[in-house]
Structures are given as C-alpha cells and as structure tokens.
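Number of protein chains: 2
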Amino acid sequence: MRAVDLIRRKRDSGELTREEIEELISAYTRGDVPDYQMSAWLMAVVLCGMSRPEIAALTEAMLHSGSVLDFSDLRGRKVDKHSTGGVGDKTSLVIAPIVAAGGLKVPMISGRGLGHSGGTLDKLESIPGFNVNLSLTDFRRVLDACGCALIGQTAEIAPADKKIYALRDVTGTVESPALICASIMSKKLAEGIDALVLDVKTGSGAFMKKIDDAANLAELLVETGKRMGKKVVALLTDMNQPLGRKAGNAMEVAESIEVLSGEGPADLSDLCQELAAWMFFLGERVKTVEEGKKLSADLIASGKARQKFREIVGLQGGDVGVIDDPQRLARASQTLDVTSRADGFIAATQCEQLGTACVVLGGGREKKEDAIDPAVGIEFHKRIGDAVTRGEPLCTLHYNAATRLDEARRLVETAYKIEPEKPKTIPPLIYRVIGA
Amino acid sequence: MRAVDLIRRKRDSGELTREEIEELISAYTRGDVPDYQMSAWLMAVVLCGMSRPEIAALTEAMLHSGSVLDFSDLRGRKVDKHSTGGVGDKTSLVIAPIVAAGGLKVPMISGRGLGHSGGTLDKLESIPGFNVNLSLTDFRRVLDACGCALIGQTAEIAPADKKIYALRDVTGTVESPALICASIMSKKLAEGIDALVLDVKTGSGAFMKKIDDAANLAELLVETGKRMGKKVVALLTDMNQPLGRKAGNAMEVAESIEVLSGEGPADLSDLCQELAAWMFFLGERVKTVEEGKKLSADLIASGKARQKFREIVGLQGGDVGVIDDPQRLARASQTLDVTSRADGFIAATQCEQLGTACVVLGGGREKKEDAIDPAVGIEFHKRIGDAVTRGEPLCTLHYNAATRLDEARRLVETAYKIEPEKPKTIPPLIYRVIGA
Chain R
127 MRAVDLIRRK RDSGELTREE IEELISAYTR GDVPDYQMSA WLMAVVLCGM
177 SRPEIAALTE AMLHSGSVLD FSDLRGRKVD KHSTGGVGDK TSLVIAPIVA
227 AGGLKVPMIS GRGLGHSGGT LDKLESIPGF NVNLSLTDFR RVLDACGCAL
277 IGQTAEIAPA DKKIYALRDV TGTVESPALI CASIMSKKLA EGIDALVLDV
327 KTGSGAFMKK IDDAANLAEL LVETGKRMGK KVVALLTDMN QPLGRKAGNA
377 MEVAESIEVL SGEGPADLSD LCQELAAWMF FLGERVKTVE EGKKLSADLI
427 ASGKARQKFR EIVGLQGGDV GVIDDPQRLA RASQTLDVTS RADGFIAATQ
477 CEQLGTACVV LGGGREKKED AIDPAVGIEF HKRIGDAVTR GEPLCTLHYN
527 AATRLDEARR LVETAYKIEP EKPKTIPPLI YRVIGA
Chain G
127 MRAVDLIRRK RDSGELTREE IEELISAYTR GDVPDYQMSA WLMAVVLCGM
177 SRPEIAALTE AMLHSGSVLD FSDLRGRKVD KHSTGGVGDK TSLVIAPIVA
227 AGGLKVPMIS GRGLGHSGGT LDKLESIPGF NVNLSLTDFR RVLDACGCAL
277 IGQTAEIAPA DKKIYALRDV TGTVESPALI CASIMSKKLA EGIDALVLDV
327 KTGSGAFMKK IDDAANLAEL LVETGKRMGK KVVALLTDMN QPLGRKAGNA
377 MEVAESIEVL SGEGPADLSD LCQELAAWMF FLGERVKTVE EGKKLSADLI
427 ASGKARQKFR EIVGLQGGDV GVIDDPQRLA RASQTLDVTS RADGFIAATQ
477 CEQLGTACVV LGGGREKKED AIDPAVGIEF HKRIGDAVTR GEPLCTLHYN
527 AATRLDEARR LVETAYKIEP EKPKTIPPLI YRVIGA
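Chains as they are written, first to last, in my numbering: chain R, 127 to 562; chain G, 127 to 562.
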C-alpha cells in the first residue's frame, strides 16, 4: 500500500477496500503514515464521502486499533447511550443510574465538552473527588459492583480515534458524517456492549443544524452498529433550545439529581425516561418500550435510581453528600439577570450562542489547555412558546469573574427571538426513532 | 489568522482574501503552519478550486516567499520559456541558445524529470562537467557574459513552492490547475523576466490528457502572468507522440545539437523555431512572429545558435567537445529493436507509456533518490500516420542493464496502436496560441 495512492483514489471519489482502510488506519496509528498524508485523506473523505462498506471498515479498523472490552462474564446485558451533544444535555447522569438500578450493566465511556456543547466528564468532575480516570481494571470493578461506571477514553480504547480526532480538530475535517460515525461507533463498540441507544440532536444548538443531516447521521450510526452485530436505535431529538433549565457543570449535576429525585423540568425528565426505556427494551429487560418507560418512572419514584447514583459517586471517589445537599457543589459568587427588551413570546433561540455564553463564562474550554470553572453557568427561565414581558428575566448568568461577562450577556441577549404572536409550532422533544 | 478557519472556508468552497493567502503561505514557509494543516488545505483547493484573484494572490505569495531576481541592469530584454512537460521535449536546449544568439537574455531556471516526463536539468547533466547548480552570482555572471544561463531552482527562489511542491507530491494534491499555475508562475516570475512563452502540452504523453483541461491551464497561466505585468502567451501543443525522434538524456542532447546544426527532425525543429519566434516577438526583438521565425531560422543557418550553445556549455563547466562530436556523450552498450506485429499504419501512441519505458530503462527516477543513467533511452522510428510492415522496427531501446528490459519492451510494444487504414487525422504540432 502506498498512502498517496489511497489519497488519490478517495480524491477521485473512488472506493477503498476493507483491507486498504485497515492498513491505512493501522499504519497511521503506529506512525508509519504521517499526519500530513492522513489529513489530506481526511479532507478527501469530507468532500467526496464514503460508501457504507467503507464506513463500516473504517469503524472496525478504528475499533480494533485498541482493546475491545469484554464484560461477557458479568451478569446482565450491557447497554449504553451516546448523545451527539448540545446545550444542557445532561441525560447521561440521569440515565446511567436508572438503567443500572433496573438491572442492566452500563459501561459508559464519555467525552469532555466540545465547542459550545458540554461534556459528561466535565460535569461529573464538578462533584468533589469524582474520578473519571479509572484504569480498565477499576472500571470493571465498579461496573461489577454497582452496574455502572462512568469514565473517559483511556489510552487502550480506540487509539486510532484519539489520534485522528485530534488531527480532525485542527484540519477542518470534523464535519463528515462518515468520520463522525466511525469516531462514535469505534469508541462505543469498544465498550463491549450488547446494545446502544443513540440520541442524535438537531437544531440551532446541535452540531447537525438541519434535521435531514441529523437523520442521515442517525441512519449511518444505526446501520454501522447493526453491521457489527449490536442492537441499536437512534432517537432524533430537538436541540433548538437548551435541555432542562440549567447549563454549566455543577448546575447540571444539581438538576440531574432533581430529576433522579422525581423533580426537575419535564422536558429533561421525559427525554431521560424515554432514552432509558429504549435501553431497557434493547437490553431485553422489558418486552416493550412502554414497559421500559413505566420501569424508569418506578425506579425514580422508589428512590432506587437516586440511590444508584449515590453508589456510583461513592465507588468513583466522589462526595456522596452532594446527592442530599447539592449546595455542597461549587456555586458561583455572582448572578446577573438578562431581561427581555420587549413584550411578546419566545419564537426561537439561537441555542449554540447560549452554549457559547456558558463557555465564555468559564464553563467550557476554548483551547484544550483551558481550565474549567465548575460553578458557572446559566439558568434558563423561558422556553420557546412562553410569554414574556419587557424587563422580565430570560436567564440568569452565574459567574465568578466579570472579565468576559459583557460578551456572555450579549451572546445571551441576542440569542432570543421575541415576536408579538405566539409561535404556531413548538419543537417537539423527539422527532422520531430510527432503526426500531 | 487561524489556519483551521482558512481550511474550513476553502472546504466549504469559500474564497480567501489576498491577505489571508499571503499569511497562510508565509506562516507555512517559516514553519508556523504545520504540514498536516497545509495538506488539508491543498486537498480542499484540489477539490473546491480557487478563484482567479485567489490564484493570483497564491502565485504572488509564493513568488515573494524568496528572492525575486533583478537583471534590469543587464542589457536586453529578459525572456523565458516553460513547458508543462512531455516525452522527448528537449526544446529548452535548442531555444535558449537561439534566443540568446538573437540578442535577448534568457535566465532559465528549470526542473528535473517528473514521472514519465524528462527534465532539462537531467539532460544538461549528461554533458560531462555541466554544472546546473550555479550560485545566483554565477547565474548572473554567465547570463551577462553570453545572454543565457541554465540552472536549477536554488534555495533562494520561491522556497514556499519548493516546500509545497514536495508536500503535494506525497499527498495526492498535484492535479490542480490553481496549484500548478501558482507553482509554475511563482518560479518563472522570480527569474526577473519581462516576457514568458508557455508551451502547454496536451495528449496521451502530457500531464493534461484532455485538450480542454490544457486550454484552461494555459488561460490561467497567461492571465496570472499578465496580472503581474508580464507579457505572456501560451502555445497549446500536441503530446500524443514523442517530440522528435529521441527520448533519454544524452540522446536528447545529441538531437538538440542536430537541430542547432540545421538538421534533426522537422517536428522538433519547427516547434523550437515557433517558440523562439514568440520569445523574440514578446521580447520586442522583432515586429511580428513571422519575422521571429525568420530570425530563428537565420540564427541556425548561420551557425550562431550552435556557437551560442557552445559558449553556454563552456561557461557552465561542460565539455564543449560534445558539440562537434556528440559521440563523446554517454552511449548505452546495448540496443534492442521493438518491431511491429502487424502490417498497417500507426493510428495512435500511448505516449505516457513510452516515457515510462524510458524511466524503466534508467533514464528517469521512480523515487527522488534514484540515480539516472544518462546513456539510456529510446529512438522512435515511426510517427502517427506512418505505414509499417510486420517485423519492421517501431523503436530501438538503448540500454545498459537488462534487469528491467522486458518491462520496458512490453510498455513500448503495447504503446502503439496499429490499424489497417491510414488514420484520417494526424495531430497537429500546435493547436492554438492563447493570450496573443
């Protein structure tokens, strides 16, 4: 194999064989193909696309670049959920305990915040002491002990993805359904799971703004997972406004605990129960999705899901006191209300801007090496369709340093579209289920 | 400027400003933009193209990445010729002495063989002692002394092109009219010339197989040169069969001396005189191209062009004895005739294969570090339209090592298309002149 020939073939919209893709990825992972050839190939993939068999081959090559975990000796089916990311999307923190409380195993490998979107690892780390950097041995131990463990990608898991992802980030080659699919699925399939529920988000706060693009990606993910012998469905869900009422790491942990306690906002609670229901269904814990929803609701009402979260936090070194007293979480020293400039109704939000505002306050990273302030965030008081009067607060910014407060405020102020008439349609929580 | 933003813009078929292109190229040249970002950008350019202003900006940025020579203090207009390359294309060796003998200055910076095509530097180096690696000071001295100097690209000339060219070669990003244009023109404009004649080749032995692609490139080259204030024309010429009767470094030098002596094949002689005529015309040595052709013919007939070649060879350290006795050039020890398998007429040649056969015999490089055997080559006995009988020699291979003789013979045998009827059309030498 000459890498340049494979680059040229893809550039001319040709197809690569399974063997060629495997060799390219393994040569790149061991450093025999340099970054500059890989980035040219990645750009050719972004612009010329990949066939379904090519995507499957790429996913497998990336998956087998590292360890594939095997939990088959642990009792119970292994299921996971993956979201393509958005603003206020904290469902992992709620779902993982619910599903583990229901008797399935949830070996969840998550990521950090990316661009305007938050990340499960950053949220968990706002719980004092919580360790997301478990060794694979400890990962298995915690999973075995309580049915769930939540960690970050280790060096053993899909090293090809780690290397390619870092390269894509700096070479303008992120936005490719084929590459996104291979990246997600190689990591998730390495978890040794039987089933996977995907939450593919679309709208102004998602990476896929257009519903058709999101649906395409969802189909690709489902097909790729099924080719690899896994049970997979994708829920196409709305991200035209934040999920729940809070964005910001510690604030999202607090809100997750509310939902696990049977409280919290309806949209977040509904989506969590829906996703958990599909996990129960694919994990063969229930016969129907409806039954799964009932089970999820019961596990919340009985306090078992909340108790499971306490167990996980404890086993991963976190302060379990935060479950009963979320005040123990970091809190920002200052708040500022952003108010409406007009009477009317919320017609739409530029949701990515709301996420960016949270990053600007210090809740996310603009560069890899940036430190995160777990305390800061935004509380959202209004949702699309809500009436609002001039001077009424739209959101409250929670901040510590005022350095970039103006920038965050401007982002938030301009993110709300207020119109005199109530909007005719309000985005649904879930558009449809793909692969069921 | 963030390089990734410029990559993303080009990937989305957007346009970059002059300043952005300048900054990208200068940051890459000084090593602040890494290869892997440049190769992603280059691939985006190959697939999404560049606007005319972008191409002009890229050419200028590459030109100004190094020294731009200034020969304005030397008497006489400075003119040059550049060919996009082919098989048996030795016109530089003939034209440079003709035009210098006619009183213009020819500061010619040439390249080496690339792929199946030969290179002026490799041909010149088959003259014992000939030094193509002159310093810029010696380049000027020889140019001043005899009106012409023939060297390779130095470190001072367009270093951005040198770096980008090496990267393109290994990242499948050679085939872009925009990048080819910027590469050629940045080097040629650095020569401090007033006028440039381009020989853009098309056909089975050219890099641009299709005449429309070649015409597009020719227009791009001409427009870019004119934008920079130079007089430029492009001759769109045929490369569906080798130019002249010989390919191979020393053999091509011998054939060039034949033409300079008023002998040699008509196609080569005609094209050289036509190109020289355009150089005389653009260099304002003559009032019409016709007059330029007459001047070229006179300079050959009078022996002045041949005498000028002797001067150049002498000033660049070469053995001037080869001019009178081409037998002093390296000669292969063995020959093999490749004969026709049928009666009929030559209908077409797969000319790139003939060039590759020459490389296989050792006359060119397959890898950068390969050594060249100056003696080997191919003599072509038949041209398109010629009658041929079964068993009659089509070509003679001149070789030293028999190691890859079979491979070369197969390439040559299958390169000739022989049909029972005489072909209705025979490719013309020159299709048209662009930019006149």
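Since the hints were derived computationally from the structure, they do not count as laboratory data. All of these numbers come straight from a predicted model, not from anything done at the bench. There could be a bad hint or two in this list.
In this list, chains with the same sequence are indistinguishable; a pair is considered to hold if it fits within one copy or across any two.
Stated by the list, open to error - Straight-line distance between alpha carbons at most 20 Å, and here's what the computed SDA-like set of lysine to any residue pairs gives:
#	residue 1	residue 2
1	Lys-289	Pro-160
2	Lys-336	Arg-134
3	Lys-493	Arg-134
4	Lys-336	Pro-179
5	Lys-357	Arg-144
Hints, one by one, checked against the model:
{"no.": "1", "hint": "Lys-289 with Pro-160", "in the structure": "both (11 Å within a copy, 16 Å between copies)"}
{"no.": "2", "hint": "Lys-336 with Arg-134", "in the structure": "between (31 Å within a copy, 19 Å between copies)"}
{"no.": "3", "hint": "Lys-493 with Arg-134", "in the structure": "between (33 Å within a copy, 18 Å between copies)"}
{"no.": "4", "hint": "Lys-336 with Pro-179", "in the structure": "neither (25 Å within a copy, 33 Å between copies)"}
{"no.": "5", "hint": "Lys-357 with Arg-144", "in the structure": "neither (23 Å within a copy, 52 Å between copies)"}
Checked against the numbered hints listed earlier, the structure breaks hints 4, 5; every other hint is satisfied.
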